[in-house]
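Engineer: Now for the letters of each chain:
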Amino acid sequence: MESLKLPKDSMLGASIVTVTGREDAFVENYRGILEYSPECIVLQGKTCQISISGKRMTIDYYTNEDMKISGCIECIRYH
Amino acid sequence: MLQFIQFLKGYVCIRVWGYSPERFMNLCSNHDIFLWDIKNCGEYYSMCVTISGFYMLKGIVKKTGTKVAIQKRCGLPFLVPKIMRRKIFLFGLIGSLVFWMWMSTFIWAVDVTGNYSISEDVFMDFLKQYDVYVGMRRRDVNIEELEKRIRQDFNIVTWTSAKIEGTRLVIQIKENEVDLEADKGNGENEGNGAGKEDAGKRQAGKETGNEFGSDLVAGEDGQIVSMVTRAGVPQTAVGAEVKKGDVLVAGSVPVYNEDATIRKYQYYDADADVFISRSLQRTEELPLSYEKKEYTGEEKKEFFIAFMGKEFYLRMGKVKYENYDKVTDRKQVKLLDNFYLPVYYGSSLNREYVLTDNIYTKEEVKNIFSEKLIKFISDLEEKGVQIMKKNVTIEKKDKKWQMNMELQIVEQTGKNVPVAPVPQAAEEGQSGDGTETAPVQ
Numbered sequence: 002m003e004s005l006k007l008p009k010d011s012m013l014g015a016s017i018v019t020v021t022g023r024e025d026a027f028v029e030n031y032r033g034i035l036e037y038s039p040e041c042i043v044l045q046g047k048t049c050q051i052s053i054s055g056k057r058m059t060i061d062y063y064t065n066e067d068m069k070i071s072g073c074i075e076c077i078r079y080h
Numbered sequence: 385m386l387q388f389i390q391f392l393k394g395y396v397c398i399r400v401w402g403y404s405p406e407r408f409m410n411l412c413s414n415h416d417i418f419l420w421d422i423k424n425c426g427e428y429y430s431m432c433v434t435i436s437g438f439y440m441l442k443g444i445v446k447k448t449g450t451k452v453a454i455q456k457r458c459g460l461p462f463l464v465p466k467i468m469r470r471k472i473f474l475f476g477l478i479g480s481l482v483f484w485m486w487m488s489t490f491i492w493a494v495d496v497t498g499n500y501s502i503s504e505d506v507f508m509d510f511l512k513q514y515d516v517y518v519g520m521r522r523r524d525v526n527i528e529e530l531e532k533r534i535r536q537d538f539n540i541v542t543w544t545s546a547k548i549e550g551t552r553l554v555i556q557i558k559e560n561e562v563d564l565e566a567d568k569g570n571g572e573n574e575g576n577g578a579g580k581e582d583a584g585k586r587q588a589g590k591e592t593g594n595e596f597g598s599d600l601v602a603g604e605d606g607q608i609v610s611m612v613t614r615a616g617v618p619q620t621a622v623g624a625e626v627k628k629g630d631v632l633v634a635g636s637v638p639v640y641n642e643d644a645t646i647r648k649y650q651y652y653d654a655d656a657d658v659f660i661s662r663s664l665q666r667t668e669e670l671p672l673s674y675e676k677k678e679y680t681g682e683e684k685k686e687f688f689i690a691f692m693g694k695e696f697y698l699r700m701g702k703v704k705y706e707n708y709d710k711v712t713d714r715k716q717v718k719l720l721d722n723f724y725l726p727v728y729y730g731s732s733l734n735r736e737y738v739l740t741d742n743i744y745t746k747e748e749v750k751n752i753f754s755e756k757l758i759k760f761i762s763d764l765e766e767k768g769v770q771i772m773k774k775n776v777t778i779e780k781k782d783k784k785w786q787m788n789m790e791l792q793i794v795e796q797t798g799k800n801v802p803v804a805p806v807p808q809a810a811e812e813g814q815s816g817d818g819t820e821t822a823p824v825q
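Protein chains in written order, with the working numbering: chain A, 2 to 80; chain B, 385 to 825.
Zero decoy hints are in this set.
In silico DMTMM-like cross-links for lysine to aspartate or glutamate, where the CA-CA straight-line distance does not exceed 20 Å:
id	chain 1	residue 1	chain 2	residue 2
1	A	47	B	416
2	B	393	A	61
3	B	746	B	668
4	A	47	B	406
5	B	676	B	747
6	B	547	B	721
7	A	69	B	421
8	A	56	B	406
No wet-lab data here; the hints were simulated from the structure.
Make a model of the complete structure from these sequences and hints.
Structural biologist: Okay, here's the thing in structure tokens:
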């Protein structure tokens with residue numbers, strides 16, 4: 002895989018989380034939402050779960066490909 | 385931009401509650417239903433969805449066991465039927481649109497710039513004569529024809545440009561400054577022969593176009609104090625008294641035979657600098673008393689709206705003052721920069737005054753008269769007149785103040801008058817080289 006230089010996200014189904022400052026997070030490559038509350042958003046990725054915790058979090062938009070979360074992000078955890 | 389597109393397409397804000405709202409969202413994204421502004425409001429979730437997406441929610445709702453309720457409808461598709469229901473409003477909107485469009489097909493203001501010697505009133509009268517007036521239809525204005533007519537009717541105008549800006553007709557003109565000055569110069573020369581430009585005068589003499597030349601005659605009575613002849617035969621000498629109309633320098637120069645008889649005449653335009661000394665009398669009068677405006681300090685500002693040539697003042701009854709001065713500040717209503725409307729507004733200030741009869745004191749009379757005298761003298765000096773002596777008296781006469789001015793002045797005189805041909809006296813005289821009197825150079 003390394004030698005072929007193929008993008009990892011499409012081959013392994015890895016999720017991409019892009020965090021801009023403390024306020025915005027873009028998430029790509031996920032299966033769906035497991036939990037959503039202003040304090041914690043848990044997303045089901047293809048290989049693992051991603052939980053983003055913080056305060057006053059909202060989902061700005063939500064499509065099949067990507068989503069945008071805004072609010073005060075405190076912690077991003079994979080498990 | 386995105387919001388604008390969403391507004392055009394229309395969307396609904398919904399609330400979702402029930403067994404598993406997260407699954408509802410996942411299914412929506414799987415079905416390519418776009419969701420945004422998702423908020424967790426404790427017991428329910430609120431979110432926005434497009435109209436087409438909303439119609440696809442039915443199956444998902446059933447599958448997930450959630451409930452959906454519309455909170456708000458937004459966007460153009462919902463707005464249009466709402467507006468359609470308000471018929472009078474719609475009618476008014478369209479009506480006003482039509483009205484404004486109709487209004488914009490007229491000329492509501494005419495601006496003229498660049499006119500110095502042609503007054504605005506004269507210009508407006510001229511425009512009226514050619515059916516260009518405030519309130520005419522815009523398409524009736526023939527710009528090119530108008531420009532041509534301006535140039536034709538006003539010789540002084542060298543360049544003109546007319547254009548329509550919105551509902552305003554803007555006319556720019558340029559006047560010929562050189563021509564103006566030349567006219568003025570000629571006017572002075574003709575005034576009393578005391579012109580400054582000799583060259584100009586000489587040329588004027590030639591322009592008389594008389595094949596028999598021209599004589600220089602006195603313009604006024606007086607005594608000659610100086611005489612320098614350039615062309616012609618002097619008929620008088622320094623010190624001589626002349627009357628108005630007397631020939632000073634003759635344009636017909638005799639050519640003599642050897643026996644001192646005249647053989648023939650040569651004709652020239654007589655040209656000379658002749659200065660005469662003469663007395664000038666002038667009387668100025670002033671009444672004993674005069675009316676003086678005394679402002680009482682009372683003033684009132686009032687506003688008005690003018691429409692179709694009528695002014696409507698915002699006041700109760702009539703103006704209370706018996707005598708008053710009125711200063712009006714008038715503006716035209718316009719939309720944006722160039723959409724002028726036939727409505728004016730403004731304010732005017734009325735200042736009350738009382739007329740009082742005053743009698744001139746001796747000091748005042750003296751001051752007024754001396755001002756007049758100074759102006760008169762400076763006018764004369766501007767014309768190149770020298771003042772040798774002046775005698776001014778002020779006296780009370782026939783219930784009037786009177787100033788008598790007696791001035792002794794020296795001024796240039798002389799006017800070219802065409803000569804009647806002198807009969808060729810010594811036609812039969814001997815030929816040969818006679819002594820010729822050349823014109824005095």
